[in-house]
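Residue numbers (the working numbering), protein chains in the order written: chain A, 1 to 232; chain B, 1 to 287.
Just to be clear, a hint being listed does not mean it is correct.
[Unchecked claim] Computed footprint of chain B on chain A, listed as stretches where at least three residues anywhere in the stretch have a Cβ under 8 Å from a Cβ of chain B: (1) 29 to 35; (2) 72 to 80; (3) 86 to 96; (4) 145 to 158; (5) 191 to 201.
Keep in mind that the hints were calculated from the coordinates and are not lab data.
Backbone N, C-alpha and C fix where the C-beta goes; we use that ideal spot for every residue, glycine too.
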Amino acid sequence: MGIFLDGIWQAFYLLVTLDPEVLRITLLSLQISGSATLISMLLGISSGTAVALAEFPGKRVVISLINTGMGLPPVVVGLFVTMFLWRNGPFGFLEILYTPVAMVIAQAVIAVPIVTGITIAAMQNLPPNLRLQILSLGATRIQMVWILMKEARLPLLAAVMAGFGGVISEVGASIMVGGNIKGFTRVLTTATVMETGKGNFELAIALGIILLLLAFLITGVLTIIQQREKRR
Amino acid sequence: MDCNRKITAFLIVAMALLAGSWGASPAAAQKVKSVILATTTSTQDTGLLDVLIPIFEKKTGFMVKTIAVGSGQAMAMGRKGEADVLLVHSPDDEKAFMKAGFGARRRLVMHNDFIIVGPAADPAKIKGTKKSADALKKIAKSESLFVSRGDNSGTHAKEKNLWKAAAVKAEGQKWYQQTGLGMGQTLAVAAEKKGYTLADRGTYLALKKKLGLDILVEGDAKLLNIYHVIELNGKKFPKVNVAGGTAFADFMVAKETQKIIKTFGVEKFGSPLFFPDAGKRVESLGK
Numbered sequence: 001m002g003i004f005l006d007g008i009w010q011a012f013y014l015l016v017t018l019d020p021e022v023l024r025i026t027l028l029s030l031q032i033s034g035s036a037t038l039i040s041m042l043l044g045i046s047s048g049t050a051v052a053l054a055e056f057p058g059k060r061v062v063i064s065l066i067n068t069g070m071g072l073p074p075v076v077v078g079l080f081v082t083m084f085l086w087r088n089g090p091f092g093f094l095e096i097l098y099t100p101v102a103m104v105i106a107q108a109v110i111a112v113p114i115v116t117g118i119t120i121a122a123m124q125n126l127p128p129n130l131r132l133q134i135l136s137l138g139a140t141r142i143q144m145v146w147i148l149m150k151e152a153r154l155p156l157l158a159a160v161m162a163g164f165g166g167v168i169s170e171v172g173a174s175i176m177v178g179g180n181i182k183g184f185t186r187v188l189t190t191a192t193v194m195e196t197g198k199g200n201f202e203l204a205i206a207l208g209i210i211l212l213l214l215a216f217l218i219t220g221v222l223t224i225i226q227q228r229e230k231r232r
Numbered sequence: 001m002d003c004n005r006k007i008t009a010f011l012i013v014a015m016a017l018l019a020g021s022w023g024a025s026p027a028a029a030q031k032v033k034s035v036i037l038a039t040t041t042s043t044q045d046t047g048l049l050d051v052l053i054p055i056f057e058k059k060t061g062f063m064v065k066t067i068a069v070g071s072g073q074a075m076a077m078g079r080k081g082e083a084d085v086l087l088v089h090s091p092d093d094e095k096a097f098m099k100a101g102f103g104a105r106r107r108l109v110m111h112n113d114f115i116i117v118g119p120a121a122d123p124a125k126i127k128g129t130k131k132s133a134d135a136l137k138k139i140a141k142s143e144s145l146f147v148s149r150g151d152n153s154g155t156h157a158k159e160k161n162l163w164k165a166a167a168v169k170a171e172g173q174k175w176y177q178q179t180g181l182g183m184g185q186t187l188a189v190a191a192e193k194k195g196y197t198l199a200d201r202g203t204y205l206a207l208k209k210k211l212g213l214d215i216l217v218e219g220d221a222k223l224l225n226i227y228h229v230i231e232l233n234g235k236k237f238p239k240v241n242v243a244g245g246t247a248f249a250d251f252m253v254a255k256e257t258q259k260i261i262k263t264f265g266v267e268k269f270g271s272p273l274f275f276p277d278a279g280k281r282v283e284s285l286g287k
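In isolation and in its complexed conformation, chain B is listed as follows (with noise of 0.2 Å):
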């Protein structure tokens, strides 16, 4: 019975491996201190988090758990007080989630801009319109395609608010689809299909080498993306980590932080993808 001599001797050595390797590694990171952070898929997916977290986990000592998820969903994460701090772009929900108690503290952090995508060929039109409600009104009349996120991210609350300012309603129609998948990925099917979408300006400059979708409609004041902080209320959730949320936040608007985000993006995509905006006022960005 050798074979059960050579299964057992792979099974010995298998298991002798897999618990040096759970002696050895991230187990013992376990013991550092850990920050819960709920975000936004952009914040992820251009990258900027990869160039800040190891520098907030330098300087402070703890250990951040980035959960890149939708604004939404990261909201509920700290509704639930599942999460120590959050970074989200969705200022109408913020508003409601502080007034219901959810957050101690909601800090301007940075902004970029929403712009609408689509083909070079441009079937609605849209080129060059102004105003965003002008635009989405012309794809609505020429019934052109329209991918959203569909997701409740702060991208897709900022689409349903310009549908509305737009008086259109473009939920269940034939021309508008939703992904209900990450910016990154939105985009990738907008371009494979040839429809229009809304995108955050950073995430869009990250993938545009790989899409073929032209900027189409920009600058318009409504098309803001506004980033803020929020610490979780600790006296509301005994068990959130107010310590290392409020160390993340304040690392977040501090100086050196704030002059990491200004100069991010530059030297690859020739613009930045984000303007830090710590200690201004909402009402002065895009003036």
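Pulled out of the complex, with its shape left as it was, chain A reads as follows (with noise of 0.2 Å):
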């Protein structure tokens, strides 16, 4: 128990100090898991809109493939990133492995289905008649699509909490393709792996306590722009 509470004790200590690597630490983690987001939202709203409304063969197929990937274990997604992005791999050109990119790139890789998936579910629970209604009133396909993304809009956000959920909590693919390097890839989950490694379980524990109330605070934002919406 010691251990735990000198790891709370040093979390606030880290935090009200504003210990500036921590806080490169910290603010490099929000950086690379809300860009992933981002890009997994634009793609994972939009896809998940796609397929939940369009009628085609195969499409239960294509949506448990889906729903498999919600489940996509991060270090095997980074193994792949990082093969691709090898020097001597198909983008070795682009040079990006062991940076930041590389690991917005993997992260939106294991965001993605998350989101895609959540949004198929969101959409397909929308009542049946209402696409039918809305069109009835004159609406365009583009303008239906939007009325109904815009009913769904709390599950949409859910998917989008789930997304950011996955990815700033995520550390294979993190640390392989980002390689935790110091002031430049290191983020809380991949220091979090370091300092356990060197025994400091001290330090450790305040980062990942840092990560929670990280993850707190997002998904607050968030979960209080939905329910506001749905006292109303």
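Got two chains here, separate frames each, mind docking them using the hints?
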């Protein structure tokens, strides 16, 4: 128990004194995972809506593939992205392995299926007659899609939160494609792994607590927006 | 629909902040030429690289990307030309690596030694045993738990050699467990399970306080832990940053760096973690 209390105390200390290293790591986590979430939101919500609304052969197969993708193991994603980005790999010319950009790509690959999957469920959960109703009122297809997305905004926000939660807490892919380079690609999760390896358990716990706080803050804001709307 | 407006506002603010942050920070570092250093975990876990790398970066203007994995994985990266310079401690594999033409130059940097650590109760009664082979035989005979790295790291390679020298087939035995983790974590597992393990002295000293494991066997010439720096062969791998790799290798064997290595850890642990050896011959070590 002692170590755990020390960890909480140290987290508090690091936050209050605005420790520059911890601050930098925290901001980088936010920046990388925020960007990945944004990308996955754009790709996931649009493709999820498309899959949910369109009728095509093999739709069930596609949906179950996406649902499987929601559980993509981050290390596997990390391994594939690393191999693609190797100097001598197909995208080696980009020279982005072991950079924050590579981490954003890997995290986006993890988050896109999560956002897509929940989006599909959300759109399919809307009353089936709603589409006909909207169309019969003279809306164009684009207008109809827009209205449906507005109608499903609460679960769509949940999709974004799930995507963010998935990537901010992820370590396997980040450490592989980012390399945990000090001041460059070291984020909260990879720093926690390293400090555990170094035996600095208090610091590792402190970083973990800061990570939880960060996730709580971000999803808190989203939840407030979401729940306020619901009350009406 | 003012909720929609709120969501939109939130998104716009988030996007603006993110865009701003990308413009401001680490992306700028990309313009600097980087050197990929593939190394063993012990150089990072002891904190040595945290001291040396900022000095190197300041001096040369290169940015070092340290990828701390086991020596085995570091050399695997080298064999694919995915690193510019290696700092490793697995001499037999290194020789094969050089022979195959992957490296351009291999230089001695420093050494410390491996130790066999275990619980103070010492169920196999190995404390004070002079020869590592005898100690391992005793562990095997008493079937006491031995925790192995099992990750093809330099330490694991050394450990396999020691078992071979002791003529014991440890792999597959019930009392022999492989963690597949780094040195620090493997030490923690050994401490938790009250098992024996082979560790490099640097990592052990750095973690000693939290472990409750004692040094039981040390000083055998077979237990030397030798670190070399290897520059990659630019002729074989045209994409390798030869200038950067050479600069780092030169830096590791430079006089001032060697001086820092010599005193590193003395203040914190009471004894040095590494002994600088640049320019010496491997055969002269440990005498």
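Hint check results:
Only when three residues or more bring their CB closer than 8 Å to a CB of chain B does the claim for the segment 29 to 35 of chain A stand; here the count is 3, and the claim holds. Counting residues of the segment 72 to 80 of chain A whose CB falls under 8 Å from any CB of chain B gives 0; the rule of at least 3 is not met. Counting residues of the segment 86 to 96 of chain A whose C-beta lies closer than 8 Å to any C-beta of chain B gives 4; at least three are required, and the coverage claim holds. Using a Cβ-Cβ cut-off of 8 Å, 3 residues of the segment 145 to 158 of chain A lie near chain B, which meets the minimum of three, so the contact claim holds.
With a cut-off of 8 Å between beta carbons, the segment 191 to 201 of chain A has 6 residues touching chain B; three or more are needed, and the interface restraint holds.
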